[in-house]
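Those protein sequence lines, which keep their order, are chains A and B. Residues in the first sequence are numbered from 588 upward in steps of one, following our numbering. Residues in the second sequence are numbered from 3 upward in steps of one, following our numbering.
It is worth saying that the hints were derived from the structure and are not from the lab. A virtual CB, placed ideally from N, CA and C, is assigned to each residue, including glycine. There's no promise every hint is true.
[Unchecked claim] Estimated spans, in silico, between C-beta atoms of each pair: (1) A/624 / B/44: 51 to 61 Å; (2) A/659 / B/75: 25 to 35 Å; (3) A/596 / B/154: 22 to 32 Å; (4) B/220 / A/819: 22 to 32 Å; (5) B/89 / A/600: 22 to 32 Å; (6) B/48 / A/624: 53 to 63 Å; (7) B/190 / A/639: 23 to 33 Å; (8) B/99 / A/661: 20 to 30 Å; (9) B/195 / A/822: 20 to 30 Å; (10) A/823 / B/95: 40 to 50 Å; (11) B/48 / A/782: 29 to 39 Å; (12) A/662 / B/197: 39 to 49 Å.
[To be verified] Covered stretches of chain A, going by a simulated chain B footprint (3 or more residues, C-beta under 8 Å): (13) 591-602; (14) 636-644; (15) 648-658.
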Amino acid sequence: MKCSDVERVLPELLDGAPDGAFPADFETHVKSCPACSNLVSDLKLISSEARQLAATEEPAPRVWLRIAAELRAEGLISDAAIREPESAPTRPILVPTSRRPRWSAWWLAPVAAALVAAGSYVVSHKPAPQVAKQQAPATRVASPAPVASPIPETPAATSASAPTPAPRQMAQKPAKPTDTIRPAVEPESSEEDQQFLTAVSTRAPSMRTTYENQLKAVNADIRETQAYVDRNPGDTDARQHLMDAYEQKALLYQIALDRIQ
Amino acid sequence: MRDSLGKFVQRKEFEAASERLAAGKGDLTDPKQGITEAEAIEQAKQGREAAFEVLYHLHKRRVYSLCLRMVSNPAQAEDLAQEAFLQLFRKIATFRGESAFSTWLHRMTVNVVLMQLRKKGLPVVSLEETLAANDEAPKKEFGTKDVKLTGSIDRLQLQRAIDRLPPGYRTVFVLHDIEGFEHNEIAQIVGCSIGNSKSQLHKARLKLRDYLTFMRAEKAKTG
Numbered sequence: 588m589k590c591s592d593v594e595r596v597l598p599e600l601l602d603g604a605p606d607g608a609f610p611a612d613f614e615t616h617v618k619s620c621p622a623c624s625n626l627v628s629d630l631k632l633i634s635s636e637a638r639q640l641a642a643t644e645e646p647a648p649r650v651w652l653r654i655a656a657e658l659r660a661e662g663l664i665s666d667a668a669i670r671e672p673e674s675a676p677t678r679p680i681l682v683p684t685s686r687r688p689r690w691s692a693w694w695l696a697p698v699a700a701a702l703v704a705a706g707s708y709v710v711s712h713k714p715a716p717q718v719a720k721q722q723a724p725a726t727r728v729a730s731p732a733p734v735a736s737p738i739p740e741t742p743a744a745t746s747a748s749a750p751t752p753a754p755r756q757m758a759q760k761p762a763k764p765t766d767t768i769r770p771a772v773e774p775e776s777s778e779e780d781q782q783f784l785t786a787v788s789t790r791a792p793s794m795r796t797t798y799e800n801q802l803k804a805v806n807a808d809i810r811e812t813q814a815y816v817d818r819n820p821g822d823t824d825a826r827q828h829l830m831d832a833y834e835q836k837a838l839l840y841q842i843a844l845d846r847i848q
Numbered sequence: 003m004r005d006s007l008g009k010f011v012q013r014k015e016f017e018a019a020s021e022r023l024a025a026g027k028g029d030l031t032d033p034k035q036g037i038t039e040a041e042a043i044e045q046a047k048q049g050r051e052a053a054f055e056v057l058y059h060l061h062k063r064r065v066y067s068l069c070l071r072m073v074s075n076p077a078q079a080e081d082l083a084q085e086a087f088l089q090l091f092r093k094i095a096t097f098r099g100e101s102a103f104s105t106w107l108h109r110m111t112v113n114v115v116l117m118q119l120r121k122k123g124l125p126v127v128s129l130e131e132t133l134a135a136n137d138e139a140p141k142k143e144f145g146t147k148d149v150k151l152t153g154s155i156d157r158l159q160l161q162r163a164i165d166r167l168p169p170g171y172r173t174v175f176v177l178h179d180i181e182g183f184e185h186n187e188i189a190q191i192v193g194c195s196i197g198n199s200k201s202q203l204h205k206a207r208l209k210l211r212d213y214l215t216f217m218r219a220e221k222a223k224t225g
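Please build the complete structure, drawing on both the sequences and the hints.
See below:
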């Protein structure tokens, strides 16, 4: 067998024949020809390494939020799913509770708008790292809200008063002690986040966990990216990501508003 | 900007990739929700949002990664993953469990991506007639180059090399070597012959080898 013969039969053999099952003359040639031997081993290596790439990328949290919004818009999430079940569910997380008297969530809309404005401000300015940690972005902008809305704290600001780590659940990014992007402390929810969760608890108690997890995830994303921006103020990609994270949070508020109104 | 955002996200994602990979393999029970996939499917059929969410979280990485590999654009991959899940959820009431749920979902994802590629006029199936006049085919001089990748391949470099593949090669390579589809399945999904699928895959691997060898040489020069 010659090198050209190897070329001809290799596509067929490489995927169909396990080691040791190659024709004898193929094996003989490959053993004696360094070029063909390298080729075969390289192609096998590429194939095996490629398998490791499956399921390594994680979509942004906004993907689920969009899907959920679309499912609601299409009516695929049934009304029954947001009513309290008659008997206690074995998997309580899946079953939201009964409808209650209408709760006014008028402030959620301005808060969502303020979040986007805050994000815009943060990404369009280049604060010194220490300043960024001390100032809440929303307090530096005139809120577009029609009423005096509660202004969320920055993740960096909240982190200073929140020594208790909060695990990221939605994004499922495991905490790493050596993670250079993750700051030393995790933020806790801002006052507005707490009001938001209280409102959700009042209106749809069993949905609280879901929203709380999503809020933690997006807050962690904001905080993590903010910390990165603080260290790399010239990184426009990071600024864009931070803006996206604020938009994500605003979208979360907006979805909650749609659901509980 | 979306592309650069994607790169930023990828950079961050890469740092935690090994841990996420370990956490996301094999177990079809969502640990934080305490519910199995089968239970979630049944509850999703009743329209329960949290059940949809459980299914999403169980499969999001695989679906999104597949989309990302095939289109090499994070924003577009997000849109495609979203569409794949929506199609799945719209049809979930028809799922009878004859096949694995993940197989069903991944088939649907592949179809969504291929439809998108076709809409854009990209060569989903470059195949015979395209290849005949395609200069993208690697020109391999067998036996004349004594190069070897040796040891292991840097995952980031491999990702970049895959991104550089022409769409036709990339589709078959992603489906076979990353997603684990067999040639007969690929032939059916993509609409080509089995022999063509094998040929495409082989040429994709040869091209990747060239890219990786080149990248390694460049790195050696600069490093």
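Hints not upheld, ascending by number: 5 and 9
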